[in-house]
Amino acid sequence: MSNPTTTEIVARAQELYEDLNFTAAREWKDAEPGRKVIGYLPVYIPRELIHAAGFLPLGIMGGGDNLEVIHGDAYYQSYICRIPRSTVELGVSGRVDFVDGMLFPSICDVIRNLSGMWKMLFPEVYSKYFDVPQTYKDEVGGTFYIGEMRELLHDLEELAGRKITDDDINASIAAYNENRQLVNELYALRAAVPWQAPASEAYLIIRAGLALPVQKPSVMLRQYIDAAKAEERPMKDNSKVVVTGMFCEQPPLNLIKSLELSGCYVVDDDFMLVSRWLTKDVPTDGDPVYELSQAFLHHSMSTAAKYEPDLAEKGQFLVRSVRETGAEGVIFASTSFCDPALLDRPMLQNVLKDADIPFIAFKYAENSGQMQPIREQAGTFVDSIKLWSAA
Amino acid sequence: MKPSIVKAQPGDVEKDASMIKQKQMMAAHYERLSNAPETGEKVASTFVPGNLNELLMCFDLVNNLPEVNAIQSGLRKKSGQYIMEAERAGHSEDVCTYVKSDIGMMMKGNIGPNGRELPKPDVLLLSYTGCFTFLKWFELLREQYKCPTIFLQTPYMADGKVTPNMIQYMVKQFKETVIPTLEEVSGVKFDIDRLREYLAKSAKAEDDLVYILETGKNKPSPIDAYFGGIYYIGPIFGAFRGTDDAIDYYKFLREEVDQRMLKGLGPVTPDGPMGEEKYRLVVEGPPNYTSFRQFWKMFYEEGATVVASSYTKVGGTYDYGFRHDPDRPLESLAEYCLGVYTNRSLPMRIDMLTDYINEYEADGLLINSIKSCNSFSAGQLLIMREVEKRTGKPAAFIETDLVDPRYFSAANVKNRLESYFQMVEQKRSGKGAAA
Ligand code: SF4
Ligand code: SF4
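Chains as they are written, first to last, in my numbering: chain S, 1 to 391; chain U, 1 to 435.
Do not take every clue at face value.
Unchecked claim - Short derived list, chain U residues pointing at chain S, Cβ under 7 Å:
| id | residue |
| --- | --- |
| 1 | 136 |
| 2 | 345 |
| 3 | 369 |
| 4 | 371 |
| 5 | 379 |
As the list claims (entries may be wrong) - For lysine-lysine, the following DSSO-like pairs were computed, each having C-alpha atoms within a straight-line distance of at most 27 Å:
| id | chain 1 | residue 1 | chain 2 | residue 2 |
| --- | --- | --- | --- | --- |
| 6 | S | 240 | S | 353 |
| 7 | S | 314 | U | 42 |
| 8 | U | 120 | U | 42 |
| 9 | S | 314 | U | 172 |
| 10 | U | 204 | U | 175 |
| 11 | S | 314 | U | 120 |
| 12 | S | 353 | S | 386 |
| 13 | S | 353 | U | 120 |
| 14 | S | 314 | U | 175 |
| 15 | U | 120 | U | 108 |
| 16 | U | 175 | S | 137 |
| 17 | S | 137 | U | 172 |
| 18 | U | 161 | S | 163 |
| 19 | S | 314 | U | 146 |
Quick caveat, the hints were computed from the structure, so don't treat them as lab data.
Even glycine gets a Cβ: it sits at the ideal position worked out from N, Cα and C.
From just these sequences and the hints, can you work out the full model?
Pasting the structure below:
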């Protein structure tokens, strides 16, 4: 069978991305009795544990710009970001009624409070706020995190009606290691030849993967990478940029496309960090929960939702990203009313100033419709980068 | 050096000795802070929820609370310009205004309420309790002050219970990082007996605080548990928990409240004793500080007394039985942090507000939703509906900000309040359904 083309793969991914009834996950669940689906929100959940229970971890990244929010606005004031209200909308409209559990990671007070709201709104569904350490010593934060993971495992065992063994978890770790390697390969490809694998396509491929059992997205990623490498696509006179601030509420696809249309090659980003949160392979031959905790403590991404204990390290992840991808500037795209992103922004901008890296900033919401101002701002930025590098 | 004790004069009891006492305490504290560069006292900045005042005192550190400074800036009508200053420097209009007020104040010379410069902190005790913004706030301060920063994580009480894993995590943090770093910064060796001594004092004052807050159950209530309550919690939520000053303050206050209760009097307002108690309210959410008096007046003019509030629990939920315990010093500090209101899950908050309405025989719930505070505000609309459903009492929602004057619209608030009081009346006369 010949490898599908990028167009075909992207079309399938877009279909999955646009399907707010999560048909693929429903079908997976219905295919065999006893199957369960556990939803999770940004930014990070050890999906390995859910997978090890034989369940499908389903990434719920808000409702995006295709969801009409009818009930959600009755739950949130206008000065709170969009993702919780569209997530509530998904819940009360029955779109996630097949989900057997919901995990709310520790990311900010909005998601934290949403975890309690979910308990009130859907008392019959298992839901859990998943706390993670913000201190990184093995015997302190590490021990706490192991305890939290064990609690989650215990709950998952109850839902599964069986014990989850270390072998189960190690097998899942291997599957997610492979998936992360592929995601990283795609990012590396994007950084090297962004015209072959544009951000808007890569976004869809990775996003679609959050709605499928891990083996399927891995196949999709492999196919896409191969196809993107094989096809000849025109190279444009775009500038390479890194975008940051989109780690929770997702940008509308049009926003990413608008950046591309205005002359940006987005070579790195913080979309859906869950898919590459752990920056190294997790060993598959040890105590798996311990290994997952080690990976979290010592080999995980930086983001605004995480405390940086070392002042000298603050924001350096962004500088490294720029250097490693050969980017020429950074775009701070933050969700409106997002305290984590917006409070972090000035600190990151100071780090960029010191490193002589140009940047711009704007805000968006998952349902932003008007792209013209963003396009203009990004276009001007690209022009100035070009002038700057020519000078 | 131990904190100095300010003595109120005998005979002050009749003329609100507690108020005088508190004024003296606050003034002395700000002077102590301002004098720190000369006296050589070291300063720790930290937060109200998860405030570890007793522990800081063990290291002779002076406690500086940026949240309280922001409140002071709000009350003195300075926060507006500070916030603008911070926004001009690149801070977003969308984020917590306490942070911007603090940063703007810093940019304008860090002048405290005493008109003197506040000292640079020697250490930032980032007690990450009940609010995500704290984490970013102190990262921002660390960037400026470049001083040692201690991170203490309080796990979130999402399932309504404190687990052994949570306590062990916190105690380990105390032992492995918090205490050793405080020793290093201060040069003072940790003495657990000294901590026990302070904790015993805390518990004593806490008993009186609870007694005072619970007098709100009387009819009429001798206290206003929101506008007045903000003053009552000052010493215990701030830099005085564990001191003799706090014990004295609450003793005086208790006597005054007892006297008012005996005489069947209501709360004291800025315009003198309150008239007839017409409405008894439970309030959820912080107040607005930039128009604090005007805001309060809208209540007492209508005969509305707040008999219980959640805001007076942000620095500890003592009325739910918690006391600092000298026999379990570190565990007790951990439990204290875990239990503060903003570290409680939404279902716990709903239970608490429902209990208050029932136990304090209130007419209903009023939510003051703060534009820039996700910790409180996210989920309040559900809280409102749920409490209304459970109690059958009407609830209402108003929107202001803590210290950003741009978000206090007096006319809007007044309108909302007036219709709310009408709703309460209708409910009483059995005419209208809850809105
Ligand atoms: S967008 Fe920001 S504020 Fe909103 S839920 Fe996500 S992290 Fe929290
Ligand atoms: S609790 Fe609210 S007002 Fe206080 S610091 Fe946090 S976000 Fe700001």
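Handout entry: Hints the structure fails to honour
Key = none
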